[in-house]
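Chemist: Build out the structure end to end from the sequences listed, making use of the hints.
Number of protein chains: 4
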Amino acid sequence: MNRLKANDWILLITKDDKRFTLKLEPGALFHSHRGMLSHNEMIGQSLGETVYTNTGSPVLLLTPSIEDQILNVRRAGTIMYPKEIGYILLKLNIQPGVRVVEAGCGSGGLTVALANYVRPGGKVYSYDMRDDMVNLARRNVERLNLEDGVEFTCQDISLGFLQQDIDAIFLDVREPWLYLQQVFTALRPGGFFGALVPTTNQISALLRELPGAGLGLVEVSELIQRHYKPVAERLRPEDRLTAHTGYLIFARKIFNRYRDSVEAVEETPEID
Amino acid sequence: MNRLKANDWILLITKDDKRFTLKLEPGALFHSHRGMLSHNEMIGQSLGETVYTNTGSPVLLLTPSIEDQILNVRRAGTIMYPKEIGYILLKLNIQPGVRVVEAGCGSGGLTVALANYVRPGGKVYSYDMRDDMVNLARRNVERLNLEDGVEFTCQDISLGFLQQDIDAIFLDVREPWLYLQQVFTALRPGGFFGALVPTTNQISALLRELPGAGLGLVEVSELIQRHYKPVAERLRPEDRLTAHTGYLIFARKIFNRYRDSVEAVEETPEID
Amino acid sequence: MNRLKANDWILLITKDDKRFTLKLEPGALFHSHRGMLSHNEMIGQSLGETVYTNTGSPVLLLTPSIEDQILNVRRAGTIMYPKEIGYILLKLNIQPGVRVVEAGCGSGGLTVALANYVRPGGKVYSYDMRDDMVNLARRNVERLNLEDGVEFTCQDISLGFLQQDIDAIFLDVREPWLYLQQVFTALRPGGFFGALVPTTNQISALLRELPGAGLGLVEVSELIQRHYKPVAERLRPEDRLTAHTGYLIFARKIFNRYRDSVEAVEETPEID
Amino acid sequence: MNRLKANDWILLITKDDKRFTLKLEPGALFHSHRGMLSHNEMIGQSLGETVYTNTGSPVLLLTPSIEDQILNVRRAGTIMYPKEIGYILLKLNIQPGVRVVEAGCGSGGLTVALANYVRPGGKVYSYDMRDDMVNLARRNVERLNLEDGVEFTCQDISLGFLQQDIDAIFLDVREPWLYLQQVFTALRPGGFFGALVPTTNQISALLRELPGAGLGLVEVSELIQRHYKPVAERLRPEDRLTAHTGYLIFARKIFNRYRDSVEAVEETPEID
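Residue numbers (numbering that gives the first Met the number 0), protein chains in the order written: chain A, 0 to 271; chain B, 0 to 271; chain C, 0 to 271; chain D, 0 to 271.
Since the hints were made in silico from the structure, they are not lab data. Check each hint, because a few of them may be wrong.
[What the hints assert, rightly or not] Here are the computed lysine-lysine pairs in the DSSO-like style, where the Cα-Cα straight-line distance is at most 30 Å:
#1 C:K17 to C:K228
#2 B:K228 to C:K228
#3 C:K228 to A:K228
#4 B:K228 to D:K228
#5 A:K228 to D:K228
Modeler: The structure is reproduced here in structure tokens:
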């Protein structure tokens, strides 16, 4: 049961901690800077076993985790990190059966995670204006056999979303405040909205528009992850860290009409 | 479809941002510092609607998210925060169908999240030495109708876990290094291990024992979340923050034997 | 030499770590929640000695450090913290003999530190629009016998500064970008400019105006201090921290004319 | 007065923000990756002026600040950063006239800062076991004409310090807890102690020994500086940051005897 077989996805880790994910195919060869391994030799091995390349270099055999898959999507541009993705899952209330929209899809890192956690019965509707990004994200999703849970649309979201009564929408675009009418229209009452932006100016621009767009209970935060060198007797933080990936903004659809003006909002009892 | 009906769990938010979760029961009354509301009045309302207490105070009507449920478990002691829980989901590779062990269960905050994301087909095996904690966690799980996915055991984990071939184990106990033999025995090859500890001394103690216990690919980190006041024209971090909830340690079972000595480990090719 | 005598400033620390600074006066009494001490009893004691109140509670006898003095200024409003003050000293190139302008003076915490480090021969020119703040800061400076090094002016700085050829200017005001012409006029070539602002909007507003005001080599940063509980076997960060005191912006006067327009700046070779 | 003359130390900043400090010498030439400049051409110029190399590349002319001097000491090994140095100045109560010991001297970055702020009348006693470090630090101090304020000693500090009744001692050594008896002997009552260590294990080891060594009022902290890209319309933190330089531990000599055992300390009323 824990033995590897043909068509399994595996994770190979070399002595210098380089990581490779690949699908086991009878007769195929794995070439690396540490030497060569035949897939046949790996088929039948147990997970966690160490195998050796033709040059005698040890390679650890594992299955990739969802995190490995996110970090190993073929990339164009920046990716979202596990610390943000895990938090987004909870803040967007992602669950089996949920229907969620994301735009843009980027390389598909978040797409993969969403598709993994809406199973079974849920769906990820993923938008991007760029053909090449949609194709890249689709390939990453297909590699992980998650394509049943994802529907890609190559379209400018200023034209709106094709779905209605959506449970959650996440925007990873440059000017998310331009699409809030579209978000309002697609989102179910009480639905969850999220966005990632890199600059403080974008946070301010988005905060200005959220109340008028029927989105309230706003939270703005950032997650900073500090890694430590895992050495028992010399425990210390890594010297350098990725100090900034982006700011996360979350809100919920709490009004039943889209507001045309801030004054309209003023008349409404303030909740948060 | 988006209208509330009897037995729905709802989230009520008062004007001063106090949050209450409750189940709608015909004839029941909700009493708060802002006045009284009859459940009957809320049944039939849309999500996102504002209702008013008998004193005229507005109350926002929503369904609770998984995050609201985690933050609103009835507590004894400290809880785990969404930032950690989201990251733990990814690092332990939690997925539909997965079997995961946690010890101790505490108030059940992580239990609820794990149970939510192993559906359908998965199972959370939750251990705690204390009867009262098991009962509290069980009540929290039942409130959310997640009890089918959780099996509680009130037992000292130094006696070992009752399961085998487990996909992931998370320890939130004072001395996690004492139970690594038991972890090794219960975990499947390639399985995922995680722990949360508050002090640096505990990290060091755990790091000393992991290699001998067949656990490698070690990662130590902490997540710091910084909230901002959501005011467009005066954007700034909150003055005070929760600076420390705990350090997270993750590893995978990468050796096929439990090691009795560090020397044995030394003979093994180093991987990470 | 290390024995306390009349008119010395002392720091008293009670068993529960409350700190008091006072001047020893023969015949006077010190009253606290831990009991009473006569000044006569303390005169003649060594530094670092423990004395006892009339109720038997121990009190530690020390001289206040510059940090104690900064933290113990009588306050109105927020104060600047030692982490920021220490960094400001270096960034403004504060040295013996230097002439520095600050506005507003606030409670005088930074004033005290600047006055301490421009000795001998230097001068702090401290501005504030409010009489009460100037009086409070002056009393704090006098308590520490630093009044020779400080000149207070109660005046709106939009009228300009009375000094010329100043080495450094620090603005702790709500809209520092309104006074850059005045800063340029008062600052010597190559002089140092600094400001503290709490919001990101203020940083942006200031950044917009700096190049036109002859100020370049701009640095924007914030300092986050994390305190640890000093317990050897249970070392961990404090649970809560002061997450935000303000953003620090520093620049130097690097152009010899004040620019009326951004175009003028564009013609100038860009340096940083 | 603000015109440059022979023997002045200057700071040159090229278009790509490279910084050079040098002493103006009639007839000398400055060579850089951006072209050549004759010192004669710079003598007589105003501070803040832009001059041009023989290839037409602009170079900004300034005097170096104390921070520039610290960052530009010729280095061997790691240096201390301005954020830490500024804070150390306040925590060690550095003032004109103060006598302070440091060990080891490293490249002299902290030595330079201490020497700058104990003027006039104070003295820095700087120890290092290594000849080459003492020589490097001495050259850095001499370059800045601060040599009158510094006395170097190449000696193992386990032999003790040559001074007595010292106001403050700072240890930047691998095992500071080994030298606390020597610290106690050299420090005046109420004197200030500080140390910088990179690992949490070292903090714990130091915390274990401080109370027995007559040192109390212990503070452990770290300073994290976050730099922002100074762009008004796209304000955001730098992507990468120096996450860890070291932990700072401060204490004061508050007991009048050196303790041989922890029991002795237990009998003493606890103060902090």
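Chemist: So, for every hint listed, does it hold in this structure?
Modeler: Results of checking the hints against the structure:
no. : hint             : verdict
1   : C:K17 to C:K228  : holds (17 Å)
2   : B:K228 to C:K228 : holds (28 Å)
3   : C:K228 to A:K228 : holds (21 Å)
4   : B:K228 to D:K228 : holds (21 Å)
5   : A:K228 to D:K228 : holds (28 Å)
Going through the hint list in order, the structure satisfies each hint without exception.
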